[in-house]
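Number of protein chains: 2
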Amino acid sequence: MKIKTNLREARSFAPATVTNVGCGFDIMGFAMERPGDEVVVRISDNPGLRIVGISGDDGKIPFNPEKNTAGRAIKAFTESLGLKQGIELEIHKKMAVGTGLGSSAASAVAAVWALNHLLEEPLPKEQLLTFALEGEKLTSGEQIHADNVAACLYGGFIVVRSIQPLEIIELEYPQELVCGIAHPHIELHTSEMRKILRHRIELKDAVRQWGNIAALVAGLQKRDLGIIGRSLQDVIVEPVRSKVIPGYRQAKQAAMDNGALGSGISGSGPSIFALCASQKQAEKCAEAMSVVYSNMNIEVDVYVSKINKQGPVIIDSN
Amino acid sequence: MKIKTNLREARSFAPATVTNVGCGFDIMGFAMERPGDEVVVRISDNPGLRIVGISGDDGKIPFNPEKNTAGRAIKAFTESLGLKQGIELEIHKKMAVGTGLGSSAASAVAAVWALNHLLEEPLPKEQLLTFALEGEKLTSGEQIHADNVAACLYGGFIVVRSIQPLEIIELEYPQELVCGIAHPHIELHTSEMRKILRHRIELKDAVRQWGNIAALVAGLQKRDLGIIGRSLQDVIVEPVRSKVIPGYRQAKQAAMDNGALGSGISGSGPSIFALCASQKQAEKCAEAMSVVYSNMNIEVDVYVSKINKQGPVIIDSN
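Chains as they are written, first to last, in my numbering: chain A, 568 to 885; chain B, 568 to 885.
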């Protein structure tokens, strides 16, 4: 596999993602149109992989490619293809790290998407997914989850049927869906947020959860907003994680009071999503959630976006 | 609400159902075209509800309406409407009791369907469902499950999103699906089969299960046989229940070896279903499963049927 002779670098954008989506812990996610991360992949005459620039991360992201999700993803990519070219990466975070919006996945996906654009024979998404997933191993430890990376790479709503073997299913969904997000500036760590979960759960709770998951998938496929709203319930994970997110209940209630179809923790938090049937509604919900945090003197970012259909894009290449 | 003046009795048929369907314990089911039960509802000048005839049950089914699923369903129906007419029921079992094919649900659904046919203003299925469910309380105790009754009444594939409040979702599915069933004559009791289940399960197993459930619903809605086949996996219930069904593993293996998309325990067993992509394949699978039991000197019935689209039907009325 070779690099195109006429290209030396590509800049890509990959979107933020909302995963778990109420009842779909570790198996469901969707992509936002914004925010998202940008990555530049540049072919270099110096062999090896180097991260030459990182912006927007407040110094939180390591330059060592082995400890960086984008770096690990590119390494898996080049090793798999036997690419010998030197590569430089620039990572431009356009959203904060540790938000529950799949920031690390977005950087990994943006990186493989940019490198893929430079190839004479680009690889299909199924293969890129496995490379981007190598990055996720850094954030979630042994228990790898593919929901962020898959939603980011495929766009739209996805289901992770299985990790081993890896199988992603793309879902239909109502085009009018718009998501409002509040990101309160509260520090949580993905690995900690996994540790607080109970390893064993009640079968009867699991049955309620999978009734809702089955219904959510059916509602999305049928484009039925009523079913989608009623099935956005989480009896397993939200009761545990919501306790460590100050203001969560009030923010969710504010979103529901303002007409959200459903609301829940995005990924492992602290961001809170409100899935809505229109732009206007999503804006109202995001505003209402932000007011909750402002009143608590907690800084908060809000995002409002339709579901992203396409996943990553190339912004520029030369 | 009144009985039509020109009708005195109706005979209905309601189908057998396959529930759980691999990964969908307590929340998923589909209806067969046959076997099924027939019930006659007759208006009588003598007040009260009487069961005047039962056939095909080997004496297993009680005549006391309070202890009979069809009797309880009719009682809930008449009490809800304030119907004062005397009613006689005949129940004709066309399948054995305790098979895991929703025999008790079929009798209850057939009964309410027949009575509904006699009403001047028949009720919608959503209301009939609540009456038929009263019967199920007899078989499954406190932990009521609606999958058999809902699949029987609605036909096709259904998801039970929630019991409280009750919400049933009808799914699309590939029209070519045909189900082969082997019913080995092994005595199991529904309530016992519930008791052997573990009350607590591993979160990681639950995640695998709901990945498969989400995928199964997506596969049915997309009419994608590949996804359907790969998602017919049960890591929670089958490992426990299969141990008390002699020959289960061999029978399932025989079905898979003969091209089934997937195979599993129907309801709480002992029947074993093999979901297939054609009539021919389903016949092969049913035959292969029956050979397993014949070789074990266990009597076995086999059924092969497309998915039943319509649920119960009126056979005759006058």
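For the record, the hints were derived by calculation from the structure and aren't laboratory data.
Honestly, I wouldn't trust all of these hints.
Note that identical chains are pooled: a pair holds if it fits in a single copy or bridges any two copies.
As the list claims (entries may be wrong) - Straight-line distance between alpha carbons at most 30 Å, and here's what the computed DSS-like set of lysine-lysine pairs gives:
hint, residue 1, residue 2
1, K634, K771
2, K771, K692
3, K789, K873
4, K771, K569
5, K847, K634
6, K634, K704
7, K661, K771
8, K771, K789
9, K762, K876
10, K789, K651
11, K642, K704
12, K847, K571
13, K571, K873
14, K627, K692
15, K789, K569
16, K810, K771
Which earlier hints can't be squared with this structure? The structure breaks hints 4, 5, 7, 9, 10, 12, 13 and 15; every other hint is satisfied.
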